[in-house]
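Chains as they are written, first to last, in the working numbering: chain A, 6 to 119; chain B, -19 to 490.
Hint data in this document are derived by calculation from the structure and do not stem from the laboratory.
Here a beta-carbon is modelled for each residue, glycine too, at the ideal position from N, C-alpha and C.
Treat the hints with care, since some could be wrong.
Pair ranges (Cβ atoms, derived) [stated by the list, open to error]:
1. Gly8/A x Glu197/B: 22 to 28 Å
2. Pro447/B x Glu97/A: 51 to 57 Å
3. Val29/A x Glu197/B: 30 to 36 Å
4. Trp201/B x Asn7/A: 21 to 27 Å
5. Gly357/B x Thr84/A: 48 to 54 Å
6. Ala436/B x Thr102/A: 28 to 34 Å
7. Arg22/B x Gly21/A: 50 to 56 Å
8. Met192/B x Gly21/A: 28 to 34 Å
One side of the interface only, derived from the structure: several residues of chain B facing chain A at Cβ under 7 Å [what the hints assert, rightly or not]:
9. Leu173
10. Val181
11. Lys443
12. Pro444
13. Pro447
So you can see what is in the structure, the chains are spelled out below.
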Amino acid sequence: MNGPTLFGLCAAALIGFGLYGLIVNPQPLRKIIGFNIIGSGVFLLFGTIARRGAAAGMGGDPVPQALLITGIVVAFSATALAVALLLRLFDEGGVVTLVSEASPTEAKADPPDA
Amino acid sequence: MPHSLSAQDVTTPGGLLLVLAILIPFIGMLIGFVFGGGKAMRVALATLAVGLAIVIAIAKALVQSGDAVIYILGGWMPPLGVALRADGLSVVMLLAIAVVICGIGVYARADFGSPSGVKEARAPLTFWLLLLAVWGSLNLVFVSGDLFTLYVALELLTFAAVPLVSLDGRSETVRSALRYLLYALLGSVLYLLGAVLLYGVYGTLDIPLLAMRVRPEPVAWAALALMISGLLAKTALFPLHLWLPPAHAGAPAAASAVLSGLVIKGSWFLAVRLWFDVFAGVVTLPSAQTLGTLGAAAILVGNVVALRQTRLKLLIAYSTVAQIGYLFLMFPLATGLSSAGLDSAVAVNGGMLQAISHAMAKAAMFMAAGLIYTTLGHDRVADLRGMTSTLPMTVLAFALAGASLIGLPPSGGFLAKWLLISAAITTLQWWWALLMLVGGLLTSVYVFIVVVRSLAPAHDGWKPKLPVPRYQQAAVLALALCSFLLGAAVLCPLDVMQIGRTVSRNTLLP
């Protein structure tokens, strides 16, 4: 097994773990971590592609590396936003769950009359 | 890398306008952020006016040249560089979104104006900045020429839209925002994975180059499936719609109008772009039928659940779930046309018109619901008495927007459904036509219920809780009228939407 194949398989495994965690875990924080694991898998895959695409005598294809950095920044900001919302949710209610008190179809549209 | 797209690789006259269309909203946002407080609203409104003028100039450049408007960033050619392209599809979406954003801006002056004497409030400042951010991101989605820029644009759109859900900061809306963000993140990471796979095989993310290189093979199918399912989660197509109703119904009215009318169109437009421009040679009729079936389920489930709602805003939010279903009916119809060797433009135009008329009608409906809430202090559908005499313009706007959603002539919804149904009949897919008619019938029931309830006379001695400014009602009515009169687009002598499409429309490789 050569390097790119090994890294590609690792990337696939990471994406699989992350996807499982994101879908199955009920706690939002674990979902956020699941998202980050998928992200790591995607970035690893992209790095592998950059290495494999370097057939023309260069050390690596530079385009994926540039895109990768952007992708990491975006994923980081997404995580920061999600964690900020999570903290706010904890401050407001003291519990962190995605399940509403009412069922989703009957969720409150507006606050009760003031 | 050799490629022969010489006509695609030069900056056309008016190309700089595309850069401005993206930059001006973001510059406005930053200026508003620096000045803060009450000035943010004035900065935002000025930016809206400038942005609208730029979008009109882009449309003029497109019609005059008869070809796509292109800007090559920094003079670097694709595949190494990045191009901005606005073809007919982009320009009609740019125009429609600009009109709706301006309508929402006028409406929101009353809800999010900073009262004199108050230094700075969080919600108004956030609303105006995010309104501009949503607009800039949407413009970027419409004009981006490569899949990675589109990924960044989608993420910007999500980051701008999520805080709009929780503007009032109640734990219920924060929870809706978090749920929305998690769905959106799953969607975008799947989209990115698909884009990475495409780059790995074809060595480019530029849309025209990719369209030339992509071949029907397993990796292209995998990439298509990943990207489209990611976008479905972001667009809230059934069965991934669960985040939408609480998020859209819990936000303030103007923010709901942005979320429901505009934000979901971004990821939907990207799905259209992928399906018809990038993967035109890869998509098959059965895969399109799958999307159509999900759309059909969305229409039935969304409409039936909307009928059961007791709150007006939730009713409108579930109506959005149903209308998203219509947007995905264009996929089997257009693919059916092109696989029969016919021009798919009828179905594509129908789908685009549906998106535009829904954007206007839904924004008008949410804002009408906001005015009703302000006047009554609640939005229970069962108790809307007195609304017609108190807010005649608003109820008229609600009825006109409803007529467009139902598809009554001469509304935009009517023309859209007409085009889609004629495509369905041409390709012998009569079941989609039947479904559209049933959906229209269900829609008419809940629009009718709301209008009839609001016709009932008010109790004696009832007073509006808060008066509503007349210009807010006028803004809502204007948007509803735009949607209602959009059917006049049939008189347009030029098929604007099909100008400069990079991929020929009636070729589907075997």
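(request) Give me the numbers of the hints this structure contradicts, sorted from smallest to largest. (result) Violated hints (numbers, rising): 2, 5, 6, 10, 11, 12, 13; every other hint is consistent with the structure.
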